[in-house]
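Chains A and B, in that order, are what the protein sequence lines are.
Going by numbering that gives the first Met the number 0, the residue at position 142 of the first sequence is 141; the numbering climbs one at a time, nothing skipped.
Going by numbering that gives the first Met the number 0, the residue at position 60 of the second sequence is 59; the numbering climbs one at a time, nothing skipped.
Don't take each hint at face value.
[Stated by the list, open to error] Here chain B is said to cover these stretches of chain A; the calculated rule only asks that three of the stretch's residues, wherever they fall, bring their Cβ under 8 Å from a Cβ of chain B:
no., segment
1, 133–139
2, 230–240
3, 254–260
4, 328–340
[Unchecked claim] From the derived model, a few chain B residues whose C-beta atoms are all more than 12 Å from chain A:
no., residue
5, R172
6, E257
7, R316
8, R320
Worth flagging that the hints you see were computed from the coordinates, not collected in a lab.
Just so we're clear, the structure is a prediction, and the values are computed from it rather than from any experiment.
Think of the CB as a built atom: it goes at the ideal place given N, C-alpha and C, for glycine as much as any other residue.
There are 2 protein chains.
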Amino acid sequence: MRTRVTELFGIEYPIFAFSHCRDVVAAVSRAGGMGVLGALYFTPEELELELKWIDEHVGGKPYGVDVVMPAKYEGADLGDAEELLGRLQGMIPERNREFLEELLAEHGVEPSTESAGRALLGWTDATARPQVEVALKHPIALLANALGPPPADVVEEAHQHGVKVAGLASNARHARKQVEVGVDIIVAQGTEAGGHTGDVSTMVLIPEVVDAVGADTMVLAAGGIGRGRQMAAGMALGADGVWTGSIWLTVDEADTQENTRAKLLEATSRDTVRSRSWTGKPARLLRTAWTDAWESERSPGYLPMPMQFMLISDALRRIGRSGDGELVTFPVGQIVGSMNQVKPAAQVVYDLIEEYVESLERLNAITEG
Amino acid sequence: MRTRVTELFGIEYPIFAFSHCRDVVAAVSRAGGMGVLGALYFTPEELELELKWIDEHVGGKPYGVDVVMPAKYEGADLGDAEELLGRLQGMIPERNREFLEELLAEHGVEPSTESAGRALLGWTDATARPQVEVALKHPIALLANALGPPPADVVEEAHQHGVKVAGLASNARHARKQVEVGVDIIVAQGTEAGGHTGDVSTMVLIPEVVDAVGADTMVLAAGGIGRGRQMAAGMALGADGVWTGSIWLTVDEADTQENTRAKLLEATSRDTVRSRSWTGKPARLLRTAWTDAWESERSPGYLPMPMQFMLISDALRRIGRSGDGELVTFPVGQIVGSMNQVKPAAQVVYDLIEEYVESLERLNAITEG
């Protein structure tokens with residue numbers, strides 16, 4: 000296959016695979032796609048180790064790094080990470096902490112044993128910038144930002160390193176803004192996607208974004224893409240490639256916790272919900288007792304980004320290790336309904352391409368009559 | 000083009016156009032697609048006149064009729080239409096009537112001058128059955144049901160008249176149920192669609208439904224389809240054709256009220272919302288002061304189907320005729336964002352096909368490299 004993005008990166012297939020797991024990133028890049036490592040949960044030192052490992056295992060193929068630098072968040076005026084974290088911790092109301100601990104206790108989740116020091120690694124300019132610095136010391140091909148346009152100086156710095164910049168957008172206006180600050184590739188993400196997401200569907204969004212950004216900007220289709228037919232649909236809508244995330248959570252190589260993986264394999268496409276209970280901004284999560292509780296009458300409501308995640312991050316780890324499992328949730332898209340089998344990442348890439356080709360052959364047969 | 004549905008109906012393009020306007024239905028069928036008249040708002044006598052007109056103006060081309068026979072609704076145990084209406088009217092709380100009249104008065108909408116006798120024409124078995132009887136006396140090619148599986152005896156009667164039956168479904172389980180009662184064609188409708196809609200997007204839903212119903216059942220893709228790229232995407236997902244609705248609201252021939260048409264032409268893809276304020280079941284509507292008010296703290300909440308629509312139907316007519324226009328709403332999908340131009344219905348059909356072909360040519364060029 001040959002599109003502007005395969006040409007730009009010298010990859011075989013226009014398939015971008017977002018994952019927090021280095022094994023998945025390396026496997027997809029080796030299979031001819033482009034793995035993109037989500038840096039969010041790593042300290043700069045940890046990220047350095049992950050990227051070193053990828054460099055050694057990616058077989059010289061291109062890969063990318065994804066950071067989260069939201070344009071707007073509480074405490075954005077504070078540049079110093081420690082000062083910021085301290086102030087934000089102090090702003091979390093006691094009622095919200097109490098609600099959370101009660102919820103955990105009801106489901107048999109054990110009390111915390113760790114300090115909350117790891118609560119905030121991405122999500123803010125101050126905490127994400129050191130991740131960018133680490134990433135740009137490695138031979139990455141792509142730097143992606145998951146929430147709004149990255150700061151203009153970050154775009155410039157990436158370009159100086161010969162690194163292309165991608166930005167996620169969930170509407171045409173945001174996509175145009177990103178092009179204005181120099182973003183090379185727009186990841187246009189429909190509401191069916193996992194994680195932070197807008198309310199316009201992929202079907203409607205992609206042509207809007209393609210038309211809005213003009214012929215010089217490349218667009219990847221994201222949201223609801225996990226099979227070859229969906230890849231063909233994304234490309235038919237005008238995209239230069241596809242951006243996928245959820246489907247890599249259940250591959251062989253994924254380090255997804257076992258109770259989470261089991262829930263994902265069982266879930267149907269109707270078992271997700273857009274919820275503010277993860278970060279304070281609407282994000283699509285697996286619908287479980289967790290999301291229901293935060294929506295219930297006893298819920299104290301959501302804190303603004305990044306405080307909601309600061310509040311819950313330690314709880315999420317504890318839920319993964321103990322309790323009845325009913326609170327286990329995870330950011331995942333509606334495609335979770337077709338994630339029913341554990342396969343190696345490379346096989347997922349090849350299956351995508353095989354079904355893509357079948358879909359196109361069918362379209363040609365229909366159209367020629 | 001040649002798919003199972005073009006073969007079945009002897010039509011040129013697998014484009015189904017749902018409209019309450021007979022002129023649109025006849026125009027789309029004459030242009031090579033298949034117009035489907037929404038019968039919901041017509042008395043049996045009115046429907047007879049509409050279908051007679053279509054018979055005289057459709058140039059011998061096939062067309063269909065769409066009714067609304069929900070599987071579940073309040074008062075479903077009452078077979079007699081008059082008894083049903085009387086009982087349901089009595090069940091509407093005074094508080095809901097008061098909220099509505101206050102809302103209308105705030106926006107300068109004049110008091111009612113009509114009786115509420117026309118409040119319920121479809122929505123129930125008892126009121127929709129006479130519409131089916133009228134429809135089957137005309138040379139229709141398709142009978143569609145907009146909410147759940149039609150009653151088995153209605154499917155059988157249609158088949159005895161040589162009429163194919165289509166049912167709308169918003170998830171794979173419902174689609175399978177419809178196949179079990181004999182439905183020939185599943186209209187798989189994603190959350191981005193206008194009117195009653197589920198929460199799974201078209202991108203995710205179509206492959207699920209296609210796989211769930213098996214190779215013997217035809218599937219039309221609905222929701223978010225208004226341009227040729229979207230038609231190509233729908234077909235790439237595995238559908239045999241596309242079902243469209245919103246895009247016909249702003250064509251030359253449409254009898255859409257002027258204030259509604261103006262709002263639709265201005266709206267973006269983000270200006271819709273899934274709301275129970277129309278019928279009591281979630282339906283995607285243009286987001287206006289109407290939908291906001293029903294979601295606000297002062298809202299009395301929604302009545303179950305069909306009482307919510309009984310409560311509001313007279314109000315909707317009055318809003319169309321008077322007041323400041325801010326309450327004007329309408330069932331419409333997210334595709335409303337690309338409905339910016341008034342064109343003849345036939346031109347919309349030809350534009351769909353032209354962009355569809357362009358999209359496919361682009362896909363072939365990409366794939367061959």
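Hints and how they fare:
1. 133–139: Three-residue rule not met by the segment 133–139 of chain A, so violated; n is 0.
2. 230–240: holds (count 7)
3. 254–260: Three-residue rule not met by the segment 254–260 of chain A, so violated; n is 0.
4. 328–340: holds (count 5)
5. R172: violated (9 Å)
6. E257: holds (25 Å)
7. R316: holds (30 Å)
8. R320: For R320 (chain B), whose nearest Cβ neighbour in chain A is about 31 Å away, the distance exceeds 12 Å, so it holds.
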